[in-house]
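Asks: Here is what each chain is made of, one letter per residue.
Protein chains: 4
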Amino acid sequence: MSSDSFKTSVRVTWADTDAAQVVHYSKYFVFFERAEEEFYRSLGFSFVDFRNRGLWFPRVEAFCQYKKPAKFGDLLEIELTVDELKVKSVKYGFKVTNDETSDLLALGYLVVVAADRQTGRATQIPAEIVEKLKPFHK
Amino acid sequence: MSSDSFKTSVRVTWADTDAAQVVHYSKYFVFFERAEEEFYRSLGFSFVDFRNRGLWFPRVEAFCQYKKPAKFGDLLEIELTVDELKVKSVKYGFKVTNDETSDLLALGYLVVVAADRQTGRATQIPAEIVEKLKPFHK
Amino acid sequence: MSSDSFKTSVRVTWADTDAAQVVHYSKYFVFFERAEEEFYRSLGFSFVDFRNRGLWFPRVEAFCQYKKPAKFGDLLEIELTVDELKVKSVKYGFKVTNDETSDLLALGYLVVVAADRQTGRATQIPAEIVEKLKPFHK
Amino acid sequence: MSSDSFKTSVRVTWADTDAAQVVHYSKYFVFFERAEEEFYRSLGFSFVDFRNRGLWFPRVEAFCQYKKPAKFGDLLEIELTVDELKVKSVKYGFKVTNDETSDLLALGYLVVVAADRQTGRATQIPAEIVEKLKPFHK
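Protein chains in written order, with the working numbering: chain A, 652 to 789; chain B, 652 to 789; chain C, 652 to 789; chain D, 652 to 789.
These are calculated hints, taken from the structure and not from any lab test.
Possibly wrong hints are sitting among the right ones.
It does not matter which identical chain is meant; a pair holds if it fits inside one copy or across any two.
[Unchecked claim] Derived lysine-lysine pairs resembling DSS-like cross-links, with alpha carbons at most 25 Å apart: (1) 719 / 739; (2) 785 / 742; (3) 718 / 739; (4) 737 / 718; (5) 742 / 719; (6) 742 / 718; (7) 737 / 719.
Chain A with its partners taken away, still in its complex shape (with noise of 0.2 Å):
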């Protein structure tokens, strides 16, 4: 059985470079985060929803294989995926490629967990969301 995956695109601004002239390698996290964004808009909810009930959704672990550099400009494609899927945490895979060339750029991951508000404890995933999630698991 195939699994979905959301896909949505940056545009590489000056501000995401540095001085080697190629996007900054922090940038690529800021570039994740925005695509899990934009995953979740796509769902119909969003980080201030999870708020709202008390929630929210630190990163636990972040990762990123850079392939080749993106340069200014650069219209970049993020794919993301649910790799693992469990109670309390989740973990995204993340793929760029070079909308225009093709050219894979960098792969990664978060693992992100629920966490309550109050407590700062881990927590259980809302069950509507794990079922939102579901379509993306690998």
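With chain A fixed as given, assemble chains B, C and D onto it according to the hints.
Replies: The following block gives chains B, C and D in isolation, referenced to the frame of chain A:
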């Protein structure tokens, strides 16, 4: 005779916010520049073209007045106008509004100068660029 | 009568630079704020104290004039002065110089307003803060 | 035989925080790089020296595990170790602790590769750099 304006939109991402739970004041300058880049793209050229002509466009002045805060997830409309068009410099005006509420969030400007990349000296803006900017000059 | 000024230094890191191989123009506003924070720390208080009093200090205006570029690895000196001290707002002036060459790189200012965190309205700057700022008022 | 480690400190500035009122997860990668830069400076060289030799040091992998949040105004200690030292690459380990409480906040690593600026290909790390890194190799 009325002048044209250019509009683009920016979605506030989590990395744009600060601990006051609003967009960090320095990020407006990133948004201004992003609007400027999209403006050039809409006219058919880019910072890269300038570079290939041995030119670049350093900022010599930047200003922003903050009216109301922008928050995570807000869709912002950035309007760009050409407020002054001189032989060697352009002053761009920016108006940031909340796309949903139409609230005015910020007003600002950037003065950019055409500079020779070899000598660093201010130089004339190429005639065909001036022609493209003219319709946006207030 | 002469006034005091406050000085702090900032080392340019790779993430501060852009593809023109100079510090991105938006980063000066981060440097200004960092100097402001160090200034408060030197006076014995912080943004956190303001928050505990139900206050915060949003920026209402920001300006910077760029004279010469700063580069990766440069040690910058940031000088802060209190240019205006009003009942509800302060205007801080900033002067950025290259510590090694003494070249003037940038001049700027920030206008910050004391605001009630509940209502969002401008309010008086607490008297003991005003007392501490006075010696720095030009 | 024990190995040396390098330590530097970073003060959390307002621009490092996000709307969860903690340091944004992408900023740890900026802190890692800043520690790396200070490490090179302590050894007597810099990214600029590498560039002058026709080399640069792109990051090929970046990882961070987040243990506890850092907040505005916190003084962080960043400890750098040389975890792997290969012919063409170095793996730096990073440990971020709260300087006041000694709480462990984050653990991470960066893999950087020596690359020829002309060809972009991986190349040998110059011998005198290897010599300087050896005492820090675990």
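Asks: State for each hint whether it applies.
Replies: These are the hints, each one checked on the structure:
Within a single copy, residue 719 and residue 739 get their C-alpha atoms only as close as 34 Å, which misses the 25 Å cut-off; across copies the closest is 17 Å, which meets it. In the homo-oligomer, the alpha carbons of residue 785 and residue 742 lie at most 25 Å apart inside one protomer (12 Å), although the nearest pairing across protomers, at 36 Å, exceeds that limit. In the homo-oligomer, the alpha carbons of residue 718 and residue 739 lie at most 25 Å apart only across protomers (16 Å), although the nearest pairing inside one protomer, at 31 Å, exceeds that limit. When the C-alpha separation of residue 737 and residue 718 is checked against a cutoff of 25 Å, the pair qualifies only between copies, where the shortest distance is 19 Å, while the shortest distance within a copy is 29 Å.
Within a single copy, residue 742 and residue 719 get their C-alpha atoms as close as 24 Å, and across copies as close as 19 Å, so both meet the 25 Å cut-off. For the homomeric pair residue 742 and residue 718, the shortest alpha-carbon distances inside one copy (21 Å) and between copies (17 Å) are both at most 25 Å. Taking the closest pair of Cα atoms, residue 737 and residue 719 come within 25 Å of each other only across two copies (21 Å); inside a single copy the shortest separation is 32 Å, beyond that limit.
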